[in-house]
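Sequences listed follow chains W and D, in order. The working numbering puts the first residue of the first sequence at 1, with every later residue one more than the last. The working numbering puts the first residue of the second sequence at 293, with every later residue one more than the last.
These aren't lab readings, by the way, just hints derived from the structure by calculation. Idealized CB from N, CA, C, for every residue including glycine. A portion of the hints provided could be inaccurate.
[Claimed, not checked] According to the in silico footprint, chain W covers these stretches of chain D (three or more CB under 8 Å from chain W): (1) 361-375; (2) 382-393; (3) 501-512.
[What the hints assert, rightly or not] Label-pair ranges, simulated between beta-carbon atoms: (4) D/Trp542 with W/Asp176: 38 to 44 Å; (5) W/Leu182 with D/Ala531: 48 to 54 Å; (6) W/Trp166 with D/Leu535: 49 to 55 Å.
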Amino acid sequence: MELFIQQLVSGISIGAIYSLLAVGYALVYSVYNFTNWAFDGFMAFGAFMAFLAISSALEAPFWVAALISIVLTVLLAVTSEKLAYSPLRKRKAPRLFMMISAMGVNLAIVNLINLFFGGTFRKFPVDNLQPIFIGNVSVGRMDLMAGAISFGVLALLWLFLYRTKWGLGIRASSIDILTASLMGINNDAVALIVFGITGVLSTTAGIFFGIKYAVFPMMGLVTIKAMIASIVGGLGSLPAAILGSMLLGILETLVSGYISSTYRDLFSFFFLIVILLFFPNGLMGKSGDEKL
Amino acid sequence: MGYIYAIIILGGINIIAVLGVAILTCYTGLFSIGHAGFMALGGYMSAIMVKEFNIPFPFALIIGGTFAGLCSFIIGYPAFRSRLRGDYFAIATLGFSESIRLLLNNTKTIGNITLGGAFGYMNIPSHTTVLAVIVCVILALYFAHMFVTSQYGKNSISVSQDEVAAQMMGVNLMKTKMIALFISAFYSGVAGGLLGFYFAYLSPSFFSITKSSDLLAAVVFGGIQSLIGPFITAFVLVAVPELLRSFAEWRLIIYGFLFVIVMIFRPQGLLGYVEINMSFVRVFWNKLFHRKAKTQEG
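Please construct the entire structure, taking both the sequences and the accompanying hints into account.
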């Protein structure tokens, strides 16, 4: 029973990391109808910047390092938007082109990190990693922190989207970007805010993922899981993305705890296939596709 | 000379795999970043066929390709049924290829066949010669050309243009996509087989996401709805990093920036919509032998 509860807590924390990523994807997807493949590059970049801020001559404390890396990643995200996506958006290019462009950004970022810092696995330098004991159950401090902060960030995002004028603008753009701009919403500003938000989300996820496992250039591959989670939940909706992520995180941790950790990634893929066979639109998905 | 042969062989293998991706991506509009997985399936299968069952090399390649094609239904059927498109189909294929790699990494033996897990499958008989590769490339190009000019190819193009309109014209979406995926996986499987018979060794690490990115790069640079474009870029992208060794570690970074630049300035790719046209051969032939040119042909 103790083992089960420990696995559950660990699963919730990994699910929370996935939901940060999945929500980022869903946000870009709902406004611009393409998947921001550069997300895993941002995630690795954020984690590396935080790692460098702590371990380099700067020796920044954890929170300062997190803040620095968030600022830098937001800058990177906004720059990539300006350079790689904005010209395509202005030309109303098909979404396939946006996707390839995003893949290009991702390839460049990940391999630049690989070139400059090498592909080795690094331990994220944080102290105070002793688990907390609640009764007989030991719970990782970082698991709790990852879960709490991720949900905090998601709650802030919700407040931003549903309680501010800017959020209203983004939601309007997600319904129809052309009409929204006719109503006086600045498309460029919306793009900057949306990509800025994805920068914050991916860095937070990157730092916690780095603490939980390791910091390495290919760490962004974990975003496949977030995409799988958003397909499982149902495409293009933020609550569905969170549901899918939590489900995937918990099930995956239980599999690695009780069966074998090598088959954890395999499991998530088979989970996707099974879900698609029985719920073609995802668990919470509407059949929004045009059907004849 | 051996070095030139090596480049021709590796380039030819890359061409076959890229033609497979081109059929799926450029003609059917389905984006795959997981074709390395199909290469791995085909490669291991055909290597097992030759090494353990003594099946002749050409048949083993066909068996490997067919096996990869059949395995593609595992991902194809659920994905097409739920109408996963664009980005999400790409994720599904990426997940598939990563799972294949993981499975091979952790499979030491199947029955009494030693696959070697992460160490790789050793001592595969070496059959791939320059001649074999050239023959395979010519056949692959010929069949790809036949496919895209056939009714099935036209169905595929219509699906890539507009699924709803294609369906209204009576195109069976599921069947069209499945056929395109099968052929594309078959090509990748054959390429994987040739790779195994060339190196006499197969390792799961050959078939990582980097391999899939390479295949995709050739298709993106080569051009949409063209076979000759990806054909050229597939060879160039193998030959250039081979010749400029110091440039090798910058390769993927440059690909990344080129993706963005190509999309912004020339989204149709190098030779987008340019089709291989063999009519000049016929004209030349007719001139050579003073025959009457048949105008209704071509």
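Checked hints:
1. With 7 residues bearing a CB less than 8 Å from a CB of chain W, the stretch 361-375 of chain D meets the requirement of three and the coverage assertion stands.
2. For the stretch 382-393 of chain D, the stated coverage by chain W is satisfied: 8 residues place a CB nearer than 8 Å to a CB of that chain, which reaches the threshold of 3.
3. For a cut-off of 8 Å, the count of residues in the stretch 501-512 of chain D with a CB near a CB of chain W stands at 4, and the three-residue condition holds.
4. Checked against the hint of 38 to 44 Å, the pair D/Trp542 and W/Asp176 passes, with Cβ atoms roughly 42 Å apart.
5. For W/Leu182 and D/Ala531, the Cβ-Cβ distance of about 51 Å falls inside the hinted range of 48 to 54 Å, so the restraint holds.
6. Remark: the range hint 49 to 55 Å for W/Trp166 to D/Leu535 is upheld by a beta-carbon distance near 52 Å.
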